[in-house]
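There are 2 protein chains.
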Amino acid sequence: MNKDRLFKLFEIINSKMETNEEVPKEIIGEICAFGSNLVGLAQINPKVGDVEYNAKKIEKYIKIATDLKLKFIAFPELSLVGCPLEDAVGRFPVIAENGVKWLNRLANMTKDTTVFVGFLEPVDNKYYNSIAILRNGEIVDVIRKSSTVNPFGFNDYKYITSGHKCFVNYEGYGVTIGEDECKIVSDMKAVVNCCAVPSVSSYQNKNKEFASKKGLPYIYVNQAGTIDSVSFAGSSSIYGADGNLIARAKAFEEYLLIADYANGVGQIYNDYDFKKPESFSLDYEQELERIYKIIIQGIMDYFVKCGLKRAVLGLSGGLDSTVCAVLLADALGKENVLGVSMPSKISTAGSKIDAEALAKNLGIKYVVAPIGEMVDTTNNCFNKLFDVVESGWDCRYQKSYTMDNIQARSRAMYLWGISNEFASCIPIATSDKSEIYMGYATVNGDMSGGFAPIADITKTKLFALARWLNKNRAEKDVIPETVLLKRPGAELAIDPNTGKPLCAEDALMPYEFMDEVIWRIENKQETYMQMLYSEFVYEKNNVLTREQKREWLDKFFKRMSGALYKWTILAPAVTLEENSILNKNFRQMITSCSIDYKG
Amino acid sequence: MNKDRLFKLFEIINSKMETNEEVPKEIIGEICAFGSNLVGLAQINPKVGDVEYNAKKIEKYIKIATDLKLKFIAFPELSLVGCPLEDAVGRFPVIAENGVKWLNRLANMTKDTTVFVGFLEPVDNKYYNSIAILRNGEIVDVIRKSSTVNPFGFNDYKYITSGHKCFVNYEGYGVTIGEDECKIVSDMKAVVNCCAVPSVSSYQNKNKEFASKKGLPYIYVNQAGTIDSVSFAGSSSIYGADGNLIARAKAFEEYLLIADYANGVGQIYNDYDFKKPESFSLDYEQELERIYKIIIQGIMDYFVKCGLKRAVLGLSGGLDSTVCAVLLADALGKENVLGVSMPSKISTAGSKIDAEALAKNLGIKYVVAPIGEMVDTTNNCFNKLFDVVESGWDCRYQKSYTMDNIQARSRAMYLWGISNEFASCIPIATSDKSEIYMGYATVNGDMSGGFAPIADITKTKLFALARWLNKNRAEKDVIPETVLLKRPGAELAIDPNTGKPLCAEDALMPYEFMDEVIWRIENKQETYMQMLYSEFVYEKNNVLTREQKREWLDKFFKRMSGALYKWTILAPAVTLEENSILNKNFRQMITSCSIDYKG
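Just so you know, the sequences run in chain order A and B. Per my numbering, the first sequence starts with residue 1, numbered consecutively. Per my numbering, the second sequence starts with residue 1, numbered consecutively.
Looking at chain A on its own, in the form it has when it is part of the complex (with noise of 0.2 Å):
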């Protein structure tokens, strides 16, 4: 048989298993033909703590991996119940319990083929990273994950005990779990290793590494999927005992790669690096499959996994809620995506066109519900109060954002209205990361919301995605030019010296600047001095002075002490950087707003 039709079976096996249809028998067959020697890598896309549910895709796969003869079949760490658990095993042990259940089950369904299957072991109240060997109907042995690196600050490492046997060589196979090292004994023919690693995280690379240094084929599977705002890459990898690749699964989606690595047969299905760039770049080129990738993943999952089905979002014509709707489409379906244009008296006639046009390109639904007479009544009933209130209070602002602020919220009420007359969906939360940074966002208003898909998207990526979409998308060029023409605003006030209403930069600083300040503290940790006396790439484009440099830098420090707040209150969304606030694993105290952050 060739190799062509040896990968067409494959695929075709595994549409069958996304659509839980019996894989025809002729086909069993003629992948049995093949010959003894395929192995199975089973990236899951587990839920956390739904152990019922892990346990009946891991009995689907070792079903087919038994009729296909494979010789084992691997899991991912923690396959079982999940990962990242966080606390839900601290208050409910019933998770891990229910795991070892489910273990003995699925133990009795092997036969000749072994399975690596991850699970969390409990032992007098302390648990254990583990993976179970199964084979002709028994649990064979048991491997404890010695390492309790935490790159990720899971919680799940505050239940978790360093175990002694961290590794196995199991009929040749050197099997060991996530971070784990394996040593190399004499008979072994290759290392196995169950993990589950974010997409995100720096280990990311490890396994390469690992892989060069062996001397043996290197087989890892890692998870797939997402959990809340944790994203797992899958890209099961199998190395040649010379370091080449030989095998990968495809990315960020559940999979079931199978290859005979000894004769070299495997289809690579991606190529991402998730290597870091050194410095800052506008260009985003390389990394925007990647993100489309992971955030279409992302709503998917939380959508699926919170039993929900639908978003509603406004449209404001502008870049973010235009970009969300999108990916929202893309990821849902676009029958499932309700754009809502909620003018007020402010928008320019040009972004109602522009949401329409988006709407009309897209095929999603649309309606539009002006705010003016909510915002009417909201401001006469606030200016009574506060003449009343001021009779007592002191210190009333000269010029404040109330005003501005009713509109941003009078459209939540709106979009959380409709989430709670139907059924199954949630508003959207538009706000992208340049402006979560600076607090440049309302809460309970453009902030609020179910899911928030390009949190972690700066403005400037933000800009390269809209564009990768247009040009890259089946249907090209959904996104009206004029979109990515205008300067964004958020069309809450008016700029006095204009007339027009106030755009984000004059409000703040020109984005490049901006997102450039970003990256270099969430990539260098670089102090406020030694950004003053660094070049930055607008600096290369444009005339900066130290004066000016310096007060950008001080309203960006300032601006985002006060940004603290909202931070710990923003809805889910999935997480891109490593260090990024929107991971809620990674957090700084509200009460820090006075760091001295010049050094």
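Think of the hints as simulated: they come from the structure by calculation, not from any bench. Certain hints may be false.
Which copy? The list can't say, so a pair holds if one copy fits it or any two copies do.
[Stated by the list, open to error] Using 20 Å as the maximum straight-line C-alpha spacing, the simulated PhoX-like pairs for lysine-lysine come out as follows:
| hint | residue 1 | residue 2 |
| --- | --- | --- |
| 1 | K399 | K555 |
| 2 | K101 | K365 |
| 3 | K111 | K71 |
| 4 | K558 | K309 |
| 5 | K16 | K250 |
| 6 | K309 | K293 |
| 7 | K60 | K158 |
Since the structure of chain A is already known, use the hints to place chain B on it.
Quick look at chain B alone, frame taken from chain A:
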């Protein structure tokens, strides 16, 4: 000199320190005359990351300790940077660098009084949790904490490396940090432990155990005050060689405890017992004073450290907002609290009267702002919009909570409006723990705010606290008796059976039952089945069929699973229980909503 006089002088010193006044020479002289055996424990209340602020505070205490010729003065673990830093140092290593600069300045000022001060020691991109010993202008020695036990899940430990030199015998004092053990050597006179243990941690009682085992005097100094939601008890103590308590500082506040432990001279300012009860009980009497103090300190610290001054909250005449108002008045001063009565059509006359009576009794600012107009306008706009949406979207609920929520959201609009319009003022989220567990709170409504004072108090405990406040505050009975007798309800909907506002217990289940489920989850980690087959306090006093119990448990776990999202966007609140959902470091994924709690 008699002890009473000495203790009086210590009080004067502390009050002078608090107001930053010079301590009169005579007082210093009088204390010095007492003898040369005095030691000092300075349980400071730091700002995390604000090294200059903390260092200047430490400086002040070193100065007075030197003036008083104390043998030594000890500061808590990590006192120069504050604890917990969470991920702040991962983003801003400058914090640790600033700490080292200030440490050298502090060393410079020391004379004969030995200083033990905690700092974060940066070494080759790693950090140690260290104590520096300062004396005669020099850093004499440094020890590094070895234990990386992290009972509260702080992310600090992602950055902190375990040290090897974890104790030192300095002039007869065996100095250790936090959970580290001190090895006793022959010429040791006493053990000094510098720690920072959260008030709710079960480690709280460990120090007492250590003390009785050593056969040497045991001295520990603990951080005081609150960092966001994490309270530190202070209560720094000195135990004699026989394990008996000689001296203990005040709880939850900054304090300088001075004692001559060798001669048994020391005052005991509190005897709080942090032991948890073995079983659920509705008798909360023992813990109420402690809870009150923790919350008051928590509110004060949050406001002061964030540069805030005033709070605005809705007063519904119900228990939640009533207790919040009392706590805020005590923490911020009555002139800094504004109560807003925001009646709707559903609000009863009694509720309005109770709200006004409370405001009058407390002496806080008070205004009335009916929400009828806003609700009507929103209703109208919604009805029009929903009909349009329905033409394109299916699954409109027959019975929805949309209209209920409009009321809660209109009220939040007012409160956020006031906070946007008046300086240094934030709105208060008045939700209690029972309702948060049940998701019985409106997003962008009563759940929303800049701080949530009672979010970790269950309803039955809140009733007890209200009665305690009426009895134990200087002004008695500020809370109207009618508030205490009323059955709680949000007054957002009419009960079709009674024609009166719906009571929460009728919509949910009795609070006595609900609160015991919460207690059993947090303290006993019980499954649904374990609860079904154990006797609840509620069952001792009421007839409860197995069927009804099953129904309530079903409802509890179903509602809790649906509330996971709401927990992630809660406003900051002081955590009062170790395994509380309010603890931002004690997390459960939103997508873990299908855990099988039954077991």
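Hints violated by the structure (numbers, ascending): Hints 2 and 7 not satisfied by this model.
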